[in-house]
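Participant: Model the full structure from these sequences, guided by the hints.
Residue numbers (the numbering used here), protein chains in the order written: chain A, 1 to 340; chain B, 1 to 340; chain C, 1 to 322; chain D, 1 to 322.
Derived from the structure by calculation, the hints contain no laboratory data.
Keep in mind that this is a model prediction, so the values were computed, not measured.
Honestly, I wouldn't trust all of these hints.
Below, a list of computed lysine-lysine pairs in the DSS-like style, where the Cα atoms sit at most 30 Å apart [said to hold, decoys possible]: (1) K141/B with K171/A; (2) K141/B with K190/A; (3) K283/D with K250/C; (4) K190/B with K141/A; (5) K283/C with K250/D; (6) K250/C with K196/D; (7) K171/B with K190/A.
Stretches of chain D that chain C covers, calculated by requiring three or more beta carbons in the stretch to come under 8 Å of a beta carbon on chain C [said to hold, decoys possible]: (8) 19-32; (9) 96-109; (10) 112-126; (11) 137-148; (12) 221-232; (13) 290-298.
Distance windows between CB atoms, simulated [said to hold, decoys possible]: (14) K190/B with P42/D: 24 to 32 Å; (15) Q311/B with A48/D: 47 to 55 Å; (16) D315/A with E222/C: 39 to 47 Å; (17) A203/B with L192/D: 51 to 59 Å; (18) A183/D with E307/B: 54 to 62 Å; (19) R5/D with D282/B: 50 to 58 Å; (20) N40/D with R318/C: 58 to 66 Å; (21) E307/B with H304/D: 50 to 58 Å; (22) E184/C with K84/B: 33 to 41 Å.
Cβ coordinates follow ideal geometry from the N, Cα and C atoms, glycine included.
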Amino acid sequence: MTTIEDVADVTTEVKIEMQRRMLRIRHFDLRAIEVQARGLMPGSVHTSIGHEAAIVGACMAVNTDDYMTGYHRSHGHPIGKGSKLGPLFAELLGRADGVCGGKGGSMHLADFSVGSLGESGIVAGSIPVAVGAGLSAKMQKNGRVALCFFGDGAANAGPFHESLNLAAIWKTPTIFFCENNGFAVSFSAKEAMAIEDIADRAAGYGMPGVIVDGQDILAVHSVVTEAVDRGRSGLGPTLVEAKTYRFREHSELMRMAVGYQYRPVEEVQEWEQRDPIVLLADRLLQEGSVTEKELQDLEDEVAAEVEVAVQFALDSPFPDPSEAFENIYASPIPVRGVTR
Amino acid sequence: MTTIEDVADVTTEVKIEMQRRMLRIRHFDLRAIEVQARGLMPGSVHTSIGHEAAIVGACMAVNTDDYMTGYHRSHGHPIGKGSKLGPLFAELLGRADGVCGGKGGSMHLADFSVGSLGESGIVAGSIPVAVGAGLSAKMQKNGRVALCFFGDGAANAGPFHESLNLAAIWKTPTIFFCENNGFAVSFSAKEAMAIEDIADRAAGYGMPGVIVDGQDILAVHSVVTEAVDRGRSGLGPTLVEAKTYRFREHSELMRMAVGYQYRPVEEVQEWEQRDPIVLLADRLLQEGSVTEKELQDLEDEVAAEVEVAVQFALDSPFPDPSEAFENIYASPIPVRGVTR
Amino acid sequence: MSTVRTSYLDANLGAIASEMHRDPSVFFMGQDLRAGVFGNFPVDEFHADRVRSLPISETGFLGAAIGAAMTGMRPIVDMTFSNLLYSAMDQIVNQAAKLRYMSNGQARVPLVILASLYYGGNQAAHHADRPISLFTNSPGLKIVAPTTPDDVRGLTLTAIREDDPVIIFRDSNVQGVREEISAEARTIPFGLADVKREGTDVTIVGIANGVRLGMRAATQLETEGVSVEVVDPRSLVPLDVDSILRSVQKTGRVVVVDPSPLTCSFASELVATIAQEAFGSLKAAPERVTGADVPTPFSSPLEHSTLPNVDRVVAAVRRVVA
Amino acid sequence: MSTVRTSYLDANLGAIASEMHRDPSVFFMGQDLRAGVFGNFPVDEFHADRVRSLPISETGFLGAAIGAAMTGMRPIVDMTFSNLLYSAMDQIVNQAAKLRYMSNGQARVPLVILASLYYGGNQAAHHADRPISLFTNSPGLKIVAPTTPDDVRGLTLTAIREDDPVIIFRDSNVQGVREEISAEARTIPFGLADVKREGTDVTIVGIANGVRLGMRAATQLETEGVSVEVVDPRSLVPLDVDSILRSVQKTGRVVVVDPSPLTCSFASELVATIAQEAFGSLKAAPERVTGADVPTPFSSPLEHSTLPNVDRVVAAVRRVVA
Ligand SMILES: Cc1ncc(C[n+]2csc(CCOP(=O)(O)OP(=O)(O)O)c2C)c(N)n1
Ligand SMILES: Cc1ncc(C[n+]2csc(CCOP(=O)(O)OP(=O)(O)O)c2C)c(N)n1
Ligand SMILES: [Mg+2]
Ligand SMILES: [Mg+2]
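Facilitator: Here you go:
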């Protein structure tokens, strides 16, 4: 496992921005949980809590105009890439000011203004799309890369295989970034594969496969930076596997059979000891780059920012029902089956 | 590449049976080409010519009641497994006495009497089926294995990936046997993958991957025998990659753009020098186990046998049109849309 | 006759469990099955081999189920969300549906596929499709869409005992419905429509939750003096054309209610069949109350405007009897 | 106006080539494309990047085409046999069709998918499906099924210039048809049916090769004194309902011809729409002449008994005008 000790190239400023974005994700998702518990948020909510370092470390290794695809657990990714929080939260609430006008919801956040091409509720569904975005960048020689996020569960799906192979033969600048949190809902990656590391599959496609500590944002950032460099210089794709953990259940409000336990309590606790936000805070303090007070101010600032976003979202009206029939096509056609 | 020198365990009798089955395939397909050229055979014809050692070497490493799945290039596989030739040829002609009553044709030969569960015109389509046959054998503890044939092209398809992973975690007694003839129609495996050997993908699933000279029937037989043993003793699946070559074009009568050449003439000639039937004949002669005359007699015998099959097929009537509406379901239902 | 009170989902899962007790070749696979995410199945009553949780490999495990079915087992696969059927489409449509036919009856494929229709609950476009007609237009499958606890139990038993591939569409809007049903389970044959309510003025044929919308509309219309007959085809392939025609011949008017998008829906099939076969009996233009031809939006006001509801059914009936 | 004699397939590929010359963002992908296995495309006129042969990864490359389309390119993907659409089903139905909607118009997906219907020529069940209605029931796609060289050229040009995902179904039974067409190419808008032949007694609406069967039946029926109007919807989504209704309102009788299996076919959609919207004009029960609900058998006598043909169309018309 790569853990990067030499991080001289990441400035304190950048590290603080990393911390800010991780905090944004954490607070955003904590508020989502809370608002959902109050009965105000429809649909299912899969939080990014625990994955913040993996997400932000990767997102901050690319530019705003680089492409990104997410998956069902992707509240955090547009935040990592710099999206405005208000429209994201409004989207979770299905409101008119949602980033997708309330049509997408939690699993389909898309924000083209920051290169976020969308997310897929179908596991592995957006992986081929990221290959195409990379191919397109290459054909248009615009120097962009495509950052493709997915979970360990997706690595057993056919689209993963076809996509990695295509990206390899086409040498697309795609970074396949697997957030391996050890489980697909209740199903352990240990049961789902007869191997330990998803990164080992890279060899079957002729691309580098790198394992990184997903709780260590600087390690993630370094590994992804290298993969991005490879991509931009025409050397093709990389598979990055970040070992991480989700601190919450698969989705909020999900019910399992009474007494069914798929994660040992000790395992959960062990990982909680490796909270990515605490880890970076500790590091910053150790380095002497920030004070406790400055960190607290940062968190307060972020909390306030999220609070504004939540309020913006709650204040946003529901979309007009007739909006359901808009934006299906770029060149609209009569919609059939609209019952009178 | 595994080439087996120590073949003490294969008796002369078995070797002669191997030669017989390879000859059957060769003559069967040569007659198919000829009958098609005379305009008597409908549909497309993909011959097994050049692949005989891979096919027979593998088929003779399993028992008649072991399961087998084929693919679009699978005239040879049921023959290798011991099917009667007449009904197979009649099937190619769409006749009533065809092994599938004329419903299946060249790409869908199935002969349950020899464990042949069918073939798939959809590349990679039968790979998952073979995992299930293996799972079923395991659950029923009937000691059977499932031998799954497919081409190099199939190894880039999603179902390959999902199947190998499932077989690995379930430890099904499935032998994934890839006949790598270097091309998917006109598309070279070198273009289709950024790696050299499909066997290398096995590591990504935690199963052994073995490369074998597909022109050397004894080598194939030995490797598959080992994989079958692994399967029967509960150790799970194996991926076997046989390097082989098709001596004919992708399919008979297929047209490509004028002048388009995807295989260098020298490459074709080089492989033709490694005709699997000639190679085994040479070996048998070298060993002094047979005489030239005996080999000639064997070939004549097979040619006669194939001739009888062809005649049987040509003599068979076309099925009655009403047969089209039979055997859709095990418990029949009224067929809708039968135009008056 | 003693009865039990049971929900639709429990009746479905209960039928599976009882068949598993009866026949050792039946086994059950699904994602997170052992965790009980999609209903409480009595996991512990069976050997772990027979209740399998699955990795995310829809093509692979659906195909594996086919292979197992062809070789002596009777697998049941819960695909959970109907949208996930697309990920296994090739195996379902090219393999499961065709293997028997292509082999001229050598293969039998006793496979049951469960697929839930989770619309109307903010699941958004990747989890809320109603792709029934994609499969009814793919010959070789049998397809049922039961709407009551009793029906789902009886049709599940039949499905498991059939030697053919069967898809059971479970409408999530009926999965929670509880009903008093006979304690003794009985199989319900495929191809037998059920008149859920008798009436004389107009026939409502409902697909999936369309039956419940039809029943509610019927109750409301009764107060206006309109007598509605509600027919539930229950099995779509095979289809009990005769019973449906019989009702329409009696009432002369028909509204079909189907949650799927309109174009090429099963509602369209029924209206076409009725127009072709019972033309002389029709006293008014048939109507379809279906989903709109749009992907499913997330937000409630948007989603609801794309789906049939009781008011729309009532309005359609009023037009038809006007 | 000068004309050229061209085949349907050449007109289709020619339109692609001309758009590629016009617009550098258009590129073409397909299995064995460079080898010309599925028609002669002028490969050498373009940079190799823009004419891509593909490995067997339907989900992967279809999805890649979607990603490219969303980021400034205009990919065209030849899926060749329509049965291979199933292997990319999830990408087509869950991604291509929905991405624009789910993103509320942020995404545009200018993607053209070519899919050939190769039935009637002993291709057997894995290569001979006509799965048109699986996609017309999946909202978010545009779908055309041109039947003449002129139509396929004009609709291909439109498809490539559209900012939406379009499937072009090419019926192999019309791919060889040669016709004199104007040398100057013109786009044909989607949603515009074409009356291929005017008549007064009965309307035949044809889907794909159903149009040709309808034309031949019309010629034959003319000698019996039956005047047949043949309508070719050309684009199925959007559908020119008005033109179809107008014809049926004129003739009062309709036969729909569609090579797909009956249940939930586009033929069923048309009959349902006509029955609902033009009920008052219908003088006789509408008829459907479609494929049977069976997988496609290999042997000719079997296959032909499962497909529509001129005799069956003639017989249906005779019943309708009787
Ligand atoms: C193709 C597909 N199969 C199954 C599901 C149901 N499902 C949703 S999330 C999930 C688990 C995904 O696990 P993973 O990819 O590891 O992501 P994580 O939730 O752990 O972040 C499953 C099985 C789905 N949405 N899509
Ligand atoms: C899923 C799928 N994609 C494409 C095709 C068209 N096709 C038929 S055979 C073939 C090449 C197969 O190559 P390979 O697997 O190497 O087998 P070979 O013909 O070389 O024996 C292709 C592309 C198909 N039948 N199925
Ligand atoms: Mg996971
Ligand atoms: Mg090959």
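Participant: Confirm or reject each hint.
Facilitator: Verification of the supplied hints:
no.	hint	result
1	K141/B with K171/A	violated, 46 Å
2	K141/B with K190/A	holds, 25 Å
3	K283/D with K250/C	holds, 21 Å
4	K190/B with K141/A	holds, 25 Å
5	K283/C with K250/D	holds, 21 Å
6	K250/C with K196/D	violated, 40 Å
7	K171/B with K190/A	holds, 14 Å
8	19-32	violated (count 0)
9	96-109	holds (count 4)
10	112-126	holds (count 3)
11	137-148	holds (count 4)
12	221-232	violated (count 0)
13	290-298	holds (count 5)
14	K190/B with P42/D: 24 to 32 Å	holds, 25 Å
15	Q311/B with A48/D: 47 to 55 Å	holds, 50 Å
16	D315/A with E222/C: 39 to 47 Å	holds, 44 Å
17	A203/B with L192/D: 51 to 59 Å	holds, 56 Å
18	A183/D with E307/B: 54 to 62 Å	holds, 56 Å
19	R5/D with D282/B: 50 to 58 Å	holds, 57 Å
20	N40/D with R318/C: 58 to 66 Å	holds, 59 Å
21	E307/B with H304/D: 50 to 58 Å	violated, 31 Å
22	E184/C with K84/B: 33 to 41 Å	violated, 49 Å
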